[in-house]
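Using the sequences plus the hints, can you model the full thing?
Chains as they are written, first to last, in the working numbering: chain A, 122 to 233; chain B, 303 to 415.
Each hint should be verified, as a subset may be incorrect.
[Unchecked claim] The calculated PhoX-like cross-link candidates involving lysine-lysine, where the alpha carbons are at most 20 Å apart (straight line), are:
1. A:178 with A:192
2. A:178 with A:189
3. B:364 with B:317
4. B:346 with A:163
5. A:189 with A:179
6. B:364 with B:385
7. B:313 with B:385
8. A:232 with A:158
9. B:313 with A:163
10. A:143 with A:189
11. A:158 with B:346
12. B:317 with B:380
13. A:220 with B:364
14. B:346 with A:220
15. A:220 with A:189
Simulated from the structure, these hints should not be mistaken for laboratory data.
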Amino acid sequence: GENVEQHPSTLSVQEGDSAVIKCTYSDSASNYFPWYKQELGKGPQLIIDIRSNVGEKKDQRIAVTLNKTAKHFSLHITETQPEDSAVYFCAWGSSNTGKLIFGQGTTLQVKP
Amino acid sequence: EAGVAQSPRYKIIEKRQSVAFWCNPISGHATLYWYQQILGQGPKLLIQFQNNGVVDDSQLPKDRFSAERLKGVDSTLKIQPAKLEDSAVYLCASSLARGLGYTFGSGTRLTVV
Chain A
122 GENVEQHPST
132 LSVQEGDSAV
142 IKCTYSDSAS
152 NYFPWYKQEL
162 GKGPQLIIDI
172 RSNVGEKKDQ
182 RIAVTLNKTA
192 KHFSLHITET
202 QPEDSAVYFC
212 AWGSSNTGKL
222 IFGQGTTLQV
232 KP
Chain B
303 EAGVAQSPRY
313 KIIEKRQSVA
323 FWCNPISGHA
333 TLYWYQQILG
343 QGPKLLIQFQ
353 NNGVVDDSQL
363 PKDRFSAERL
373 KGVDSTLKIQ
383 PAKLEDSAVY
393 LCASSLARGL
403 GYTFGSGTRL
413 TVV
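See below:
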């Protein structure tokens, strides 16, 4: 079936700390795993993505890890800043179809 | 490059009325998507176009929702008649091709009263 479990639903951290958000998916055929950041009143913005032939990808303070055997992937944000406060969505899909299934979202609050 | 443009930004209608949303994707993007995002949830795909053809509309409530993409560029999504549960943000996204990361517009927030 098409399902993504995303945890936690809310996360509050102190500025400078790390934040980790985890997602579990159900379809073993999926091969594309993007993460989106959504600020109030705006559409989701792609911040990082990973494909199934890679286990980890890093872009400055953001990293994503993928465990295909366990069907889960995680977003790691280091040295968090107040401007990182937003709702983060994981998604999975197939590069063949382009369709994405989104998680329920994690509200991240970074306290200064 | 210019982003995905959507209008209107907000719309309030009474139940049983009709409403239409418009989307202009990034120039050259062949794939266009309409997603519905209910408050507190992740976006859910309604329909996907490849150029002007429908690729996936399995989640579109076809008794009341319709969408078209004339000439493979702009797209419109229509609801007729609207129900209270249609209150949501309607997001349009586009990508250069299927399987590539896509760009979302800011969405249209629909409130049905």
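Do the hints match the structure? See the list:
no.: 1; hint: A:178 with A:192; verdict: holds (17 Å)
no.: 2; hint: A:178 with A:189; verdict: holds (14 Å)
no.: 3; hint: B:364 with B:317; verdict: holds (17 Å)
no.: 4; hint: B:346 with A:163; verdict: holds (16 Å)
no.: 5; hint: A:189 with A:179; verdict: holds (18 Å)
no.: 6; hint: B:364 with B:385; verdict: holds (14 Å)
no.: 7; hint: B:313 with B:385; verdict: holds (14 Å)
no.: 8; hint: A:232 with A:158; verdict: holds (18 Å)
no.: 9; hint: B:313 with A:163; verdict: holds (16 Å)
no.: 10; hint: A:143 with A:189; verdict: holds (13 Å)
no.: 11; hint: A:158 with B:346; verdict: holds (16 Å)
no.: 12; hint: B:317 with B:380; verdict: holds (14 Å)
no.: 13; hint: A:220 with B:364; verdict: holds (19 Å)
no.: 14; hint: B:346 with A:220; verdict: holds (10 Å)
no.: 15; hint: A:220 with A:189; verdict: holds (19 Å)
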